[in-house]
Amino acid sequence: MLRIRCPWCGVRDEAEFRYRGDASVRRPRGDAGLAAFTDYAYVRDNPRGWHLEWWLHVGGCRRLLKVSRHTVSHAIHAVGAPDDHLPPPPDGARE
Amino acid sequence: MTGPARIANGLLTDPDRPVGFRFDGRSFLGQHGDTLASALLANGVRLVGRSFKYHRPRGVVTAGPEEPAALVEVVGPGGREPNRPATTLPLGEGLVAASQHRWPTLTFDLLSINGVFSRFLPAGFYYKTFMAPGWAWERLYEPLIRRAAGLGRLQPVAGAQAAPAETIHDHADVLVVGAGAAGLAAAHRLGTLGLRVILAEQDEVLGGGALQDARWDTWRAQMDARLRRLGSVRCLTRTCVVGAYEHGVFAALETLTPAETAAFGGLRERFRIIRAQRVLLTTGAIERLIAFAHNDLPGVMQAGAALSYLRRYGVAVGRRPAFFVNNDEAYEAAIALHAAGVEPIVVIDARAESRAAERARAQGLDVHGGAVVQEARGRGRVRAVRIVDRDGRSRELEADCLLVSGGHSPWTALASQSGASLRWDESIAAFTPALDAASGCVAGAARGCFGLARAAADGDAAARALAAGLGRSAVAVAVDPALALPEDAEVTPIAPLWEVRGRGPAFVDLQNDVTTDDVRLAHREGYEHVEHMKRFTTHGMATDQGRIGGLVGSAVLALARGLPVAQVGQPRPRPYLQPLPFAALAGSDVGAHFKPKRRLPLHDAHAAAGATFVAVGLWLRPLVYSTETGWGPVLKEARRVRRSAGVTDVSSLGKIDVQGPGAARFLDFVYANTISTLAVGRARYGIMLREDGMLFDDGTVARLGAEHFILTTTTANGAAALEHLEFHLQACCPELDVVLTDVGDQWAQFAVAGPRAREIVAAVVPGIDLANEAFPFMAAAAATIAGLAGRLFRISFSGELAYELAVPAGEATGAWRAVLEAGRPFEIAPYGLDALNTLRIEKGHVTGAELNGNTSADDLGFGRLLKKQGDFIGRTLSRRPGLAAPDRLQLVGVRPLDRTKRLRNGAQLVAPGAAGTGLGYVTSSTPCVLEDGWFGLALLAGGRQRIGQRLHAVAATHGEQIEVEIASPHRLDPKNTRVHS
Amino acid sequence: MPGLRLRRPATDVVELAALSGRAGDLERIAAGRGTTLPAFGHALLKADRAAVCVRPARWLLLGPPAAPGASAAAWADACAGRGVAVDLSSGIVALDLAGPAVREVLARGCRLDLDPSIFPPGRAAATVMAQVSVILVATRAGVLLLTPSTTARHFGEWLEHTAAPFGIERAAALPFLSGDPHE
Ligand SMILES: [Zn+2]
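From first to last, the protein sequence lines are chains D, P and X. Going by our numbering, the final residue of the first sequence carries number 100, and the count climbs one at a time with no gaps. Going by our numbering, the final residue of the second sequence carries number 1163, and the count climbs one at a time with no gaps. Going by our numbering, the final residue of the third sequence carries number 1445, and the count climbs one at a time with no gaps.
Since the hints were derived computationally from the structure, they do not count as laboratory data. Take the hints with a grain of salt, since some may be wrong.
[Claimed, not checked] Some chain X residues well away from chain P (every beta-carbon gap over 10 Å; in silico):
#1 Gly1296
#2 Thr1298
#3 Ala1301
#4 Ala1309
#5 Arg1311
#6 Gly1325
#7 Gly1345
#8 Gly1353
#9 Arg1370
#10 Arg1373
#11 Gly1384
#12 Arg1385
#13 Val1394
#14 Ala1403
#15 Arg1432
#16 Ala1434
[As the list claims (entries may be wrong)] Quick list of the computed label-pair ranges, beta carbon to beta carbon:
#17 P:Arg1132 x X:Ala1335: 55 to 61 Å
#18 X:Pro1326 x P:Gly1088: 50 to 56 Å
#19 X:Ala1329 x P:Asp771: 38 to 44 Å
#20 D:Val30 x P:Lys777: 38 to 44 Å
#21 P:His1140 x D:Ala20: 49 to 55 Å
Every residue gets a Cβ at the ideal spot worked out from N, C-alpha and C, and that includes glycine.
Using the sequences and the hints given, assemble the complete structure.
The following block contains the structure:
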């Protein structure tokens, strides 16, 4: 079970959040075309390591959070608002 | 008399409180405070079960949760509960327990012939033998193996109440796991430094290893009293931490005392989820076995267990014990038993000499240095041991039990789960863990710090370091004066010894019947990695997780591979570290609390009107206002709507209030059709797509002001639609200034439908001109409804002239009654979900059966709604060529040619005479309201081109095949004259 | 003495939400109307009303029962162009819990740390209990719970079931928060 530090609510259990997918892909402009939207809808990296994710705090403040989580250790090194630039993940990720 | 082997007063037992119990049909007496195991041993019962695979006789091996052999069934009023370790099962008055894995009786076991043929049942035997044919697994092999292997019987009594269970959420600055010398010292230190501490101890008393040594009784009592005084430390006894998870989350199972069980309505176990900033693992070390021939014979036990039974329960596990050891710590048991009057005692020590041997000899014990035990001998119980002396001579010594110690392995399971790396420590011949400082630390015997005084000092030091890391080192506090610690004896180091080769099976895992030969077989077959060996042999996969033999298996494998144990490692024990009842995991989310029930604001009014309710997602909705089954009452409700008027509760629709300067632009983005052009006071049907172009949800959008909209979503998607909007607003349109508010619970909403609806609504909404020109189809307005500030919409889902009235949910009953009253001249009556479906199917309106996640807007005939200008969710991908393919499943109507035949949901549509897969299927079906026969909606390949064709609807599950005609989905009033009337 | 005293005060509820960057404006408007808007994660409790903030730039304003929608309409007018006010009086049910076992009972469903050192009177948080959304406000006597109305009966049943071993007393629906004035 993850514990996510919501910038608003503090550290909360995973059960309060809804995972909303990969936050490293951004929706293309409306006229970007079929290929761009196909990538946006379907193409994802599946990294063994740090991963940017959307988590919606539905059981709390209902804000959307951007979370940097390690897919092996589940370590979370940064959480922010959708437009925040999260600090780069630490080198030598713990596994 | 509470057993002939009871030679002293135990720490935990009360000789003045005898307890009667039954085991395998025989009656015994034990003492209050006993476990089933200690009471059986006190009564001289050695044979307590048969082994899982070979049906070998088995006795008690340990004195704790690491027990691999003495697993019993408890027979209670709720049924039979298998696999309870007798070593942790409290002896309650009237306890009835039975042995497992025997057939038909414990002493005469027909299947023990497996033991004779055991060389035919090596590791991997099941995988290799019971393979083909496929059918045989279910019908032959599995029943046979289950009878033979016996996994215990879980047998609830019919009608028995589900066992009550609960989950507790706990929080602490530091979780200390294990209340031995290290844990007690650490918890006390952390508590005095002002940290909130949970001290979890699986035993019923605090003390751990300090319980084994009488010199520590004073220290234990003082520490116990100090901890009780500290408000900041919560001591949870009988609480086993069964799993460590990321981010400082731990799972624990607490077993309640009988008094608590009575107070909590029969609750026996409580599942705790503990969140801690740091963990301090003082889980101690577990004594390990040595593999030699017949090391599973009843009477072969752990040396430390013999000490536990003596100290805790006053029970001597034998009158003529032999010890087989390779370390000094194990002598404590021999010396204590000797001091209690048990003799003669012989100790076989693999080491030539040691300090402990000297101490033992000085007290009159017979110690054979440099010798090993090659075999335990006896039928059904130990009668003698065959030893090999230091000069290589083999001989037999008489003994009634054999107490073994192969050394002590730090119990590293929780540390491993917490991400600790394991390091081989040659001085104790075991792995020790090191935790990342951010998660916590390990102290005492759990990291190889043996000796109680050393462990206590180590726990204290670890606590200071943890406190410093949490910013508590500088806090000036009045600390209790240090307590005197009894001195640790000087010890000679262990000499690693894993296996003594001999004739006969030598077990490394007693519960799963895994021998050293099985481990070597795994190696020969290529399962070299320790995790592969584990799965091939099932070593360590039983409920005890191989606590006492795990490292021995690794060592045997290491020897076979020609590597040091350090390089082979040991399998990672996964949660849960002890068997956990599913009931404990379910907690209170069972029965009526399994999932929330959402009740309509008018729930009680519907019930009073005789509604039969149906669960739709979380909602309870009136299905029909009758207890009669069949279509009769449903069609009666529906006909009233078609002919005059009816009213139905649609409060379960999701309702979202959207306000702000960016509201119109946002809705243009989330809806596939245009919303911004909607005039104030008007409503519009709207469809939402997912980004992949598929339909997500539909509903209505009403504009109440320039920057104020109210949306409805389907009942099923209420929560999901709100999340969809919130996500896209925050992720994709942060520049839009929009406030979304969930008003689903705020508003009750009901639809008044039928040709006489206008007259009825006019009577309860007096202030609005409802004439067709003044308040046309899809009009919306704030309105005073039955005296309440509400909203009126001219929306229809039934195909009839209809209005939806929204009022604050808390006041809904009055408005509902007013509608019924105003409708009385028109014989208005409420209609339920079944009638509502009947009406909407005839009109061709879609719901979840058609909005199934695989349909596009075009499939359901909404293609022309998609706006041509501007971006919206799903716009680009909804235009993929594949989604416009002519053979896609498209919405059509289906009408059986024979008016007496019924349609069934899910019926496959096939061309007459054609074989193979169907062309589509029926999604919704209903008897027609005003005429004979049935009508349905279907998704049909190239459906719109097939209108007028005749196909067969095949309901294979009902053995039905009927001829149908494909039609427009809009059977009723295709020109919409009724809704516009 | 029962471990838990439960009552259900009738309340009028308005949700006030600021448009972008307008939270300060709402605070001034509210102050002008005699209401202090608390910081995030806090609640201000008075004898006859309360303001709770568990969503950024949004406040729940609780007061004695009034004509449905009337106070929301008044707030909407006062905040026009700077914020949105929505009536939730029918959408939210308040449960007032007091007694020595409040935290023990809530720990059986609430994942939050309600220790008084962490969650003292005046703190507020939104969370999920018994699979239902709940807003908790720490009061001096216990906790005020705000929960959606359509699941309120379910939640109340869960609460009563859970509190049963501790003893529960259902007090009459007294006027709003009259038992626990904080200021
Ligand atoms: Zn939050």
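Checked hints:
Consistency note on Gly1296 (chain X): stated as away from chain P, and its beta-carbon is indeed over 10 Å from all of that chain's, at 24 Å minimum. In this structure Thr1298 (chain X) is separated from chain P by more than 10 Å, as the shortest Cβ-Cβ distance comes to about 21 Å. Every beta carbon of chain P lies more than 10 Å from that of Ala1301 (chain X), the smallest distance being close to 20 Å; the non-interface claim holds. For Ala1309 (chain X), the condition that its CB be more than 10 Å from all CB atoms of chain P holds, with the nearest at approximately 23 Å.
Against the 10 Å criterion, Arg1311 (chain X) stays outside the reach of chain P, whose nearest CB is about 18 Å from its own CB. Here Gly1325 (chain X) stays apart from chain P, with its beta-carbon at least about 15 Å from theirs, past the 10 Å limit. A Cβ of chain P approaches the Cβ of Gly1345 (chain X) within 10 Å, the least distance being about 8 Å, so the stated non-interface status is violated. Not every CB of chain P lies more than 10 Å from the CB of Gly1353 (chain X), the least distance being 3 Å, so the non-interface label is violated.
Not every Cβ of chain P is farther than 10 Å from the Cβ of Arg1370 (chain X); the closest lies at roughly 5 Å, contradicting the non-interface assignment. Separation of Arg1373 (chain X) from chain P is inadequate, the least Cβ-Cβ distance of about 5 Å not exceeding the 10 Å criterion. In this structure Gly1384 (chain X) is separated from chain P by more than 10 Å, as the shortest Cβ-Cβ distance comes to about 19 Å. For Arg1385 (chain X), the non-interface assignment is confirmed: its Cβ lies about 15 Å from the closest Cβ of chain P, beyond the 10 Å cut-off.
Look at Val1394 (chain X): its CB is around 5 Å from the nearest CB on chain P, not clear of 10 Å, so calling it non-interface is violated. Interface exclusion of Ala1403 (chain X) from chain P stands, the closest Cβ pair being 21 Å apart, more than 10 Å. Under the 10 Å C-beta cut-off, the non-interface status given to Arg1432 (chain X) relative to chain P holds; the minimum distance is some 19 Å. The beta carbon of Ala1434 (chain X) sits about 19 Å from the closest Cβ of chain P, which is more than 10 Å, so the claim that it is off the interface holds.
At about 59 Å, the beta-carbon gap between Arg1132 (chain P) and Ala1335 (chain X) stays in the expected band of 55 to 61 Å. Checked against the hint of 50 to 56 Å, the C-beta distance between Pro1326 (chain X) and Gly1088 (chain P) comes to roughly 54 Å, which is consistent with it. Ala1329 (chain X) and Asp771 (chain P) have their C-beta atoms about 40 Å apart, which keeps the hinted 38 to 44 Å range intact. For the hinted restraint 38 to 44 Å between Val30 (chain D) and Lys777 (chain P), the CB-CB distance of approximately 33 Å leaves it violated.
Against the hinted window of 49 to 55 Å, the Cβ-Cβ separation of His1140 (chain P) and Ala20 (chain D) comes to about 42 Å, which falls outside the hint.
The structure fails to meet hints 7, 8, 9, 10, 13, 20, 21 from the earlier list, while all remaining hints are met.
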